[in-house]
Amino acid sequence: MSLSGAEAQETTLSQPEEARGGLLRDAVRRLRRSPQAIVGATLVLLFVFVAVFAPWLAPYSPTAQDLSQVRPGSFPGPSAEHLLGLDQLGRDELSRIIYGARYSLIIGIVSVTIGATVGMALGLLAGAFGGWVDSLVMRGADIMLAVPSLLLAIGIAALLGRSIISVMIAIGVVNIPVFARLLRGAMLSQRESDYALASRSLGVTKGRVVLKHVFPNSLAPVIVQATLALATAITEAAGLAFLGLGSPDPSIPEWGRMLAETNAYLASEPLLALWPGLAIVISVLGFYLLGEALREALDPKLRR
Amino acid sequence: MTAPGPAVADAVPGAGAGTPLLEVRDLQVTFSSRGRRPVKAVDGVSLDVAAGSTVGIVGESGSGKSVTSLAALGLLGTRGVQVSGSVRFDGEDLLGMPEAELRALRGREIAMVFQDPMSSLNPVLTVGRQITEILERHRGLKGQDARDRAAELLVSVGIGDAVRRLRTYPHQLSGGMRQRVMIAMALACEPRLLIADEPTTALDVTISAQILELLRELVVGSQTALVLITHDLGVVAGLCDQVHVMYSGRIVESAPRRPLFADPQHPYTNGLLASVPRLDQARGTPLLPIPGSPSDTLPWAEGCAFAPRCTRQVPDCLGSPPALLPARGAARGAAREAHLVRCVNPVEDGS
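First to last, the sequence lines map onto chains A and B. Note that the numbering used here has the first sequence beginning at 1, numbered continuously upward. Note that the numbering used here has the second sequence beginning at 1001, numbered continuously upward.
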């Protein structure tokens, strides 16, 4: 065929062998080139590592009290035995911070899972069917989004009673409209895309176009949002605990609660407030950096 | 036909003996959205495509050429779109056909290739999966059978190492390769009609020539009829039996390829041909663009839509729309019917 020469040329112009592979590998490759992603991923991994291996990492039990050193209004600061000092009840601050990572991680994962699952189901319904289903879901989402998210979470947590479970549900519910909206919006724009039209023009059924073509192409923003939602879930959980809506059990070393408890000693022992605050900031920063880098890595416009 | 209709009924371009494969009659497409004036994108287009023939539809952006094909296949959606007239494929009315039947027809009997191969393939599925999906849908081929057939198709569109290529993703292919894949998908079920909507516009010149050559090899001369939609008269020149030139939603001139290039009668066609720079012209000869822009149109009801940009405008151009009539000076008989022009003051010496 006269085309064979041209074909050979095109073959050499296409990407080299090592570039082959799925979109996931493509995204990972681009993530590895981004310093932002590396810093973010390192912080996230550190956070997860600390959370998982807390019992081995923590020098003391988070509930063990060393009352010999604590007097009302004055707590020993950092020392060789207690690197971050003791809290108001004589417990090792470092151990509590380390154990606190567990609670933050669990609350984050469970609440984002709740929000993403329910939200994506609703978004898929709205994006796939459109019409009145879409209107119903989106108006519901609008109503929820009209209330500031922390306020809504406070309301739900207060309604469900003080426990870690209710904190997870509250934050999860707050995330539902965000995910629903995001998936639905992405699906609406992907539905108008050329490849959706092209596959319709070749007789692919509507259901298949939506499920096999439109839906997978709409997932990138959802993945990014899930990462960012983990960050906000951690801050929101801390916020709820700070406001006294977390678990009533005082032995639970939750970062938000630790912040709240040290509030009274802020003038004399500012460091005790600094540690949990810093822990929150670092973990949230990690998820944000990773999320932003993912956004860039998964953006089909920047792909190539 | 909307009032005030033309005084003389339009002749149907491309009409010949026997039942055509595709028969479009007085197709009208109007887009309306709340708070805006409705836009008539296609305004009474009639044309025939005979089995195995190649028909070109030429026009600039916004002339309604793509909308014509999308409307014929029922791909325009329903919201804010009114389609009237009739489109018959092999005697069956496509516009009134239930969506399920139409879907079964699309891809199997009528297929389309789109303009932008960069965006017309699903980025998250492998090329192979996208071809086998069509085979599965219409031919019931599954698994290895479907993959074998897909590989054959890739080979037939000039993609070597087909088995390995089936596993690649669209972003790993060049633009020309992707358009070849699109053509392979469109031809997967050996349709009787292939509509190519600007298949080469997004490609560079050499690749574009290869794709046209490929279309010629696979389609021209085979049993598949081809409707080639383009804004480039050069693309039409090499391939088409019959050419329809569209302006502002209507066919303004319709002719077999040779008469169209040798003797363009409508000032718009003439202008399009004259605006192409020629190598045999003396250096420094200014280009001859058509004055104005496609937005400087007149509603057809008030006269010829091209009149505001036309250099041959006469008072008769305004008032009522000119009809599509056999061209003056065209040969008698069948050839006379084949060359139609919608102009009251056609170009006499088309040079």
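Treat the hints loosely; a few may be bogus.
What the hints assert, rightly or not - Examples of chain B residues lying across from chain A (beta carbon under 8 Å, computed):
hint : residue
1    : L1141
2    : K1142
3    : M1185
Unchecked claim - One side only, chain B facing chain A, incomplete, derived with CB under 7 Å:
hint : residue
4    : T1078
5    : R1103
6    : S1119
Read the hints as simulated data drawn from the structure, not as lab findings. Note that CB positions come from ideal geometry on N, CA and C, so glycine has one too.
Hint validity - B/S1119 Cβ closer than 7 Å to any chain A Cβ: Hint holds; B/S1119 Cβ to chain A Cβ min 4 Å, cut 7 Å.
Status of the B/M1185 interface restraint (C-beta, 8 Å, chain A): holds (6 Å)
Satisfaction of the B/L1141 interface hint, Cβ to chain A closer than 8 Å: violated (14 Å)
Hint check, B/T1078 versus chain A [nearest Cβ-Cβ separation less than 7 Å]: violated (11 Å)
Agreement of hint B/K1142 with chain A interface, Cβ distance less than 8 Å: For B/K1142, the interface hint is violated, since the closest Cβ of chain A sits about 15 Å away, which is over 8 Å.
Agreement of hint B/R1103 with chain A interface, Cβ distance less than 7 Å: With a minimum Cβ separation of about 5 Å from chain A (threshold 7 Å), the hint on B/R1103 holds.
In this structure, the earlier hints numbered 1, 2, 4 are contradicted, and the remaining ones agree with it.
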